[in-house]
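*Asks:* What follows is each chain in one-letter form.
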Amino acid sequence: MKTELMLHLRFILRQINSSRKQSLIFVACVALSLLILTSLGGFSGSVRRSMLNDARQLHGADIRLESHYPLSKVLLDAVDDYEEQGVLQAALVNTFYSMASSQRSEKSVLSGLKVVEKGYPFYGRVELLSGREFSTVLREGLIIVEQLLLDRLQVEIGESLQIGSATLKIADVITHEPDRPVSFFSFGPRIFIAAADLEKLDLIKKGSRIQFKYLLKVADAARVEKLVGEFTEKALVPQESVTTFKTDNSRIKRFFSNLLFFLNLVGLFTLVLAGIGIQTSLYAVFRDSEYTIAIMKSVGATNRFIISHFTAMVMLLGTAGTLVGLTLSSAATLLPHSLWRRTSCQRQSDDFLECCP
Amino acid sequence: MSSKGLEAFHLCKSYIVGSRKILVLDDVSLTVQIGGFVVVEGKSGSGKSTLLSLLSGLDRPDSGTIGLSGTDITNLSEDALAPFRNRTIGYVFQSFHLVPSLTAIENIAFPAELNRDPQAVQKAEELLHRVGLSQRKNNFPHQLSGGEKQRIAICRALINKPQIVFADEPTGNLDSANGKNIMELLLELRREFKTTLVLATHSSEISRQADHVFRLLDGRMIHSQEDED
Numbered sequence: 020m021k022t023e024l025m026l027h028l029r030f031i032l033r034q035i036n037s038s039r040k041q042s043l044i045f046v047a048c049v050a051l052s053l054l055i056l057t058s059l060g061g062f063s064g065s066v067r068r069s070m071l072n073d074a075r076q077l078h079g080a081d082i083r084l085e086s087h088y089p090l091s092k093v094l095l096d097a098v099d100d101y102e103e104q105g106v107l108q109a110a111l112v113n114t115f116y117s118m119a120s121s122q123r124s125e126k127s128v129l130s131g132l133k134v135v136e137k138g139y140p141f142y143g144r145v146e147l148l149s150g151r152e153f154s155t156v157l158r159e160g161l162i163i164v165e166q167l168l169l170d171r172l173q174v175e176i177g178e179s180l181q182i183g184s185a186t187l188k189i190a191d192v193i194t195h196e197p198d199r200p201v202s203f204f205s206f207g208p209r210i211f212i213a214a215a216d217l218e219k220l221d222l223i224k225k226g227s228r229i230q231f232k233y234l235l236k237v238a239d240a241a242r243v244e245k246l247v248g249e250f251t252e253k254a255l256v257p258q259e260s261v262t263t264f265k266t267d268n269s270r271i272k273r274f275f276s277n278l279l280f281f282l283n284l285v286g287l288f289t290l291v292l293a294g295i296g297i298q299t300s301l302y303a304v305f306r307d308s309e310y311t312i313a314i315m316k317s318v319g320a321t322n323r324f325i326i327s328h329f330t331a332m333v334m335l336l337g338t339a340g341t342l343v344g345l346t347l348s349s350a351a352t353l354l355p356h357s358l359w360r361r362t363s364c365q366r367q368s369d370d371f372l373e374c375c376p
Numbered sequence: 002m003s004s005k006g007l008e009a010f011h012l013c014k015s016y017i018v019g020s021r022k023i024l025v026l027d028d029v030s031l032t033v034q035i036g037g038f039v040v041v042e043g044k045s046g047s048g049k050s051t052l053l054s055l056l057s058g059l060d061r062p063d064s065g066t067i068g069l070s071g072t073d074i075t076n077l078s079e080d081a082l083a084p085f086r087n088r089t090i091g092y093v094f095q096s097f098h099l100v101p102s103l104t105a106i107e108n109i110a111f112p113a114e115l116n117r118d119p120q121a122v123q124k125a126e127e128l129l130h131r132v133g134l135s136q137r138k139n140n141f142p143h144q145l146s147g148g149e150k151q152r153i154a155i156c157r158a159l160i161n162k163p164q165i166v167f168a169d170e171p172t173g174n175l176d177s178a179n180g181k182n183i184m185e186l187l188l189e190l191r192r193e194f195k196t197t198l199v200l201a202t203h204s205s206e207i208s209r210q211a212d213h214v215f216r217l218l219d220g221r222m223i224h225s226q227e228d229e230d
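These protein sequence lines are chains A and B, in that order. Be aware that the first sequence starts at 20, since it is given in this note's numbering, and climbs by one per residue. Be aware that the second sequence starts at 2, since it is given in this note's numbering, and climbs by one per residue.
Just so you know, the hints here were simulated from the structure itself, not pulled from any lab data. Please read these numbers as outputs of a predicted model, since none were measured by experiment. Warning: the hint list may mix true and false statements.
[Stated by the list, open to error] Residues from chain A that face chain B, not an exhaustive set, calculated with beta carbons under 8 Å:
no. : residue
1   : Arg33
2   : Ser37
3   : Val285
[What the hints assert, rightly or not] Away from chain B, derived, C-beta distances all over 10 Å, residues of chain A:
no. : residue
4   : Asp96
5   : Leu278
6   : Thr311
7   : Gly319
8   : Ala339
Where is the CB? At the ideal position from N, CA and C, for every residue including glycine.
Just chain B, with the same shape it has in the complex:
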């Protein structure tokens, strides 16, 4: 495995639905350089979310290999993958997925506390301040708006300063104004934290801001294009 940021070769993934086998990803390969902003673009059902969950180690491919920061994560055990995911990867979900029983600050600090970082709460407070939600730190997720939840989720993804952040349609559940703000925040923080961002979207507008765009159609990579800008 090379020392490149992210490498995936010949990924295949299928799901069994009833008695049918549905091939979601078919021989997908990609390489993402460290510090880059890449977009995985495709229509709904094209396999974007599945690809991101494989690349981030949340799910396992049927075949193929995934290398992240020089580590082959394809066959890592769950116990080995968990701390790796905690330190190396951040994940922003479309539906936020905050722990409902924890407050905003506790949700942000949680990955750092898992990493036994004594500065966890302080770092979480700084991040909250950075995204302008200091006054909401003791609110529970059900007390926050969609945009606020996503900002908390971004802070959570960045607290351990991961090498790579995966964002699966982070604006998908937000209105256009909120979506635009969140994208701006995400890109700003990416630059600040000097982290690689892999973002799944079906928005061409967002794709235009990326360094590199991978296009998926029915589970196959149809186009890989460097941003000429």
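For reference, chain A alone in the conformation it holds in the complex:
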């Protein structure tokens, strides 16, 4: 038995060596198939886990009520009731675009305004260039802006900007905004404005394109689902939406869903190609071995010996391919973490992603 095993092993190694080109292709195809299967699965899982972990921060709240119209009275009353009972905290956030101009430089830039109430953000942290706390800096009459806005308007911290009917002073510069979803296009740099200045802006008119949001932080996490159910019942369909960090269909979520769908599709085609590669290389190995098989039979090798010999050879090559594939896929699983870090960073320019360190 030992002699036969040794004969098999030595003969297999000789055979592999003599058809090393085809054997290498076979191993590469098996490795590629495995790499695709495991890394795609790992990548999808990793992205989903990372998204879930960071979703609350990206969402900025446990529950978000949104509408392009002022929120309905029924919904607002429900929020007020729960806020009075101490069940939740609420913060109004209105986002819209408007021109910001500097009288000194005589320049204007279309900007993304974000009018926020105290308490924003419930999760995550708005980081400022000065290192100060966001809540202590953003007060009535002051604004916090993106560096890009300063560059475009050629103004500095301490100067005032005209936004709508209000003149507001630049207090600081944003370096990180936690709930800003990834998008490849933006119409203008961000300006944070205190909710107390909203009326002074005089920009909210009938027909204005504004996104009204209520961010809610629920004291008891176990009550989130129940509250969502209640708010959903009260919300006007379809203009008002009630979302949690788990159900929110954010741009980043859509981006990764599309990316994963595309990767799955590419993976499927690559898998088919790898399958063809495995079949072709195996066929080539056997075609090369036809002569050897004939000689083996002429000197008395049984069919059992020949079949077991070539089965063992394919298994050996398959194992080698599997090991290579697993090693590569282990390395590939590190990629999503890095990618996630890159994409979940604050965008620092209008059109391109700038990465966290």
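Assemble the complex: chain A is given as a structure, and chain B must be docked to it using the hints.
*Replies:* Just chain B, lined up with the frame of chain A:
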């Protein structure tokens, strides 16, 4: 089936080429005694190689019977024939047919290893030494000359000490000097191993050394002659 070395009766074999049926062997019968040296002589295309492949169990006849060492091999299954071929028959091909991925010593030892002989490598080394190729034992077939390859093939055919060795024009791919050496070696080893040798050739010179000569012409046995020497 008698206990004689090799008996074949009324062998017929034909091949289909395109839509034509070509009769290669037509009612061939022969008997070879144990320990003898017989030659199957005939021109190219006379059916010598086909006859040897039928007698050695490498191919099957359309009709007729073949008995070898008292066993009727005509209808043996492939799985039964393989170990029988391994232990009882040695075959030397005109084109050597060594396994290209194995070294010289591995090629020789292979039939013995298939027979689970623990002394396989030792026997192969002895045979290599006997044919004067000890220094070439780790060379692959593509690194050997024609004469060396044929010597390796002879060693491979003899390693299991078979009762009968078939040699199909063993000098056909060699120059005359090498061919002569190989024939001398083959006959020497036949005597040493006390084995029956059935050799196919078209050389009258080789035929003259045989105990018995069978002559084939267009697939038919035309003459069977005892060597008067």
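*Asks:* Now look at each hint and say whether the structure bears it out.
*Replies:* Consistency of the hints with the structure:
no., hint, result
1, Arg33, "holds, 4 Å"
2, Ser37, "holds, 4 Å"
3, Val285, "violated, 38 Å"
4, Asp96, "holds, 85 Å"
5, Leu278, "holds, 47 Å"
6, Thr311, "violated, 5 Å"
7, Gly319, "violated, 2 Å"
8, Ala339, "holds, 18 Å"
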